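Peer 1: Residue numbers 202 to 380, in our numbering, belong to the letters of the sequence shown in order.
If you are wondering where the hints come from, they were derived from the structure by calculation, not from laboratory data.
Being a predicted model, the structure only gives us computed values, none of them experimental.
Ideal Cβ placement from N, Cα and C applies to all residues, glycine included.
Any given hint could be a false lead.
As the list claims (entries may be wrong) - List of simulated lysine-lysine pairs, DSS-like, C-alpha gap at most 27 Å:
1. K357 <-> K323
2. K330 <-> K376
3. K272 <-> K299
4. K272 <-> K288
5. K354 <-> K272
6. K324 <-> K352
7. K352 <-> K297
8. K271 <-> K324
9. K271 <-> K299
10. K288 <-> K323
11. K271 <-> K308
12. K272 <-> K308
13. K354 <-> K288
14. K299 <-> K376
15. K288 <-> K308
16. K323 <-> K297
17. K323 <-> K354
18. K271 <-> K297
19. K297 <-> K330
20. K272 <-> K357
21. K354 <-> K271
22. K271 <-> K357
23. K324 <-> K288
24. K288 <-> K357
25. K271 <-> K288
26. K376 <-> K297
Claimed, not checked - Label pairs and their in silico Cβ distance ranges:
27. P328 <-> D365: 14 to 24 Å
28. H231 <-> D326: 18 to 28 Å
29. S305 <-> V343: 17 to 27 Å
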Amino acid sequence: MKISATILLVVFCCFSTFAQKYISHHSNVHFYSSAPVEDIEAVNSQSQSAIDLSNGGFAFAVPNNQFEFKKSLMQEHFNENYMESEKYPKSTFIGKLKNWMLFSGEKEVVASGDLTIHGVTKKVDIPAKLNIQNDQLIVDGVFPIALAEYKIKIPKALFYNIADTVQVTVHFEYKPLTK
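Could you build the full structure based on these sequences and the hints that come with them?
Peer 2: Take a look at the structure:
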């Protein structure tokens, strides 16, 4: 987690002023797979994110081995067989917010950039809701991930257990970054 936070801070040190930079102090990344045999879901509260309101820069890093499942066997299979968490320890997004301006209140935005999962990087647009109230900033988003696009292989024997596409929900709460 410290490595992810360090990477995010280095990325944002290239930007201009600290006054408009925020770093997450609370995160929740949730994924849900609905399949005929069973539904699978997991939550990760160890993710890191940063946002720079001076230029719309937005990034997050998710440590893959920090997803928590209801069943420990699911967690083991996720880390060892599907995400290969030792080989690919984190998933990341680095991009910019489109269609945004400094404002107060809630606004629909799109985060456009590079999403890297399982060692594969794809250009994506993630719809999100940005909420700014005084010094509090919150980002919420929901988007699909097609497992095959990220070379995550599901054995044919488990075809009815795991969906081809999972729904990912992100929630980040930020505080201003100070020197």
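Peer 1: Against each hint, give a clear statement of whether it holds in the structure.
Peer 2: Structure-based check of each hint:
1. Distance check on the hinted pair: K357 and K323 sit about 25 Å apart at the alpha-carbon level, within 27 Å; holds.
2. Taking the CA atoms of K330 and K376, the gap is near 17 Å; set against the 27 Å cutoff, the hint holds.
3. Pair hint K272 plus K299 does not hold up; C-alpha atoms about 38 Å apart against a cutoff of 27 Å.
4. Annotation: proposed proximity of K272 to K288 holds, straight-line Cα distance about 23 Å (limit 27 Å).
5. The hinted pair formed by K354 and K272 meets the criterion: a straight-line CA distance of about 20 Å does not exceed 27 Å.
6. Restraint check for K324 and K352: the C-alpha separation of about 15 Å stays at or below 27 Å, so the hint holds.
7. Simply put, K352 and K297 have alpha-carbon atoms about 25 Å apart, close enough for the 27 Å limit, and the pair holds.
8. This hinted pair does not check out: K271 and K324 have alpha carbons roughly 31 Å apart, beyond 27 Å.
9. For the suggested pair K271 and K299, the alpha carbons sit about 36 Å apart, so the restraint of at most 27 Å is broken.
10. For the given pair, K288 sits about 19 Å from K323 by alpha-carbon distance, which is consistent with the 27 Å threshold.
11. Pair hint K271 plus K308 does not hold up; C-alpha atoms about 34 Å apart against a cutoff of 27 Å.
12. Under the criterion of a C-alpha separation no larger than 27 Å, the hint pairing K272 with K308 is inconsistent with the structure, at around 37 Å.
13. Taking the CA atoms of K354 and K288, the gap is about 15 Å. The hint holds against a cut of 27 Å.
14. The hinted pair formed by K299 and K376 meets the criterion: a straight-line CA distance of about 21 Å does not exceed 27 Å.
15. The straight-line distance between the Cα atoms of K288 and K308 is roughly 37 Å, outside the 27 Å bound, and the hint therefore fails.
16. The straight-line distance between the Cα atoms of K323 and K297 is roughly 15 Å, inside the 27 Å bound, and the hint therefore holds.
17. Only pairs whose Cα atoms come within 27 Å are accepted, and K323 paired with K354 is accepted, the gap being roughly 17 Å.
18. With a CA separation close to 34 Å, the supplied pair K271 and K297 exceeds the 27 Å bound.
19. Annotation: proposed proximity of K297 to K330 holds, straight-line Cα distance about 14 Å (limit 27 Å).
20. Among the hinted pairs, K272 with K357 is consistent with the structure: their alpha-carbon atoms are about 21 Å apart, no more than 27 Å.
21. For the hint linking K354 to K271, the alpha-carbon distance of about 22 Å falls within 27 Å, and the restraint holds.
22. A distance of roughly 23 Å separates the Cα atoms of K271 and K357; the hinted pair therefore holds under the 27 Å criterion.
23. In summary, the hint linking K324 to K288 is supported, as the alpha carbons are separated by about 22 Å, within the 27 Å threshold.
24. Straight-line distance between C-alpha atoms of K288 and K357 comes to about 23 Å, which keeps the hinted pair within the 27 Å bound.
25. Distance check on the hinted pair: K271 and K288 sit about 24 Å apart at the alpha-carbon level, within 27 Å; holds.
26. This hinted pair checks out: K376 and K297 have alpha carbons roughly 19 Å apart, not beyond 27 Å.
27. One distance hint, 14 to 24 Å for the beta-carbon pair P328 and D365, holds here, with the actual separation near 21 Å.
28. The given range of 18 to 28 Å is respected by H231 and D326, whose C-beta atoms sit roughly 20 Å from each other.
29. Distance hint check for S305 and V343: the Cβ-Cβ separation is about 24 Å, which falls inside the suggested range of 17 to 27 Å.
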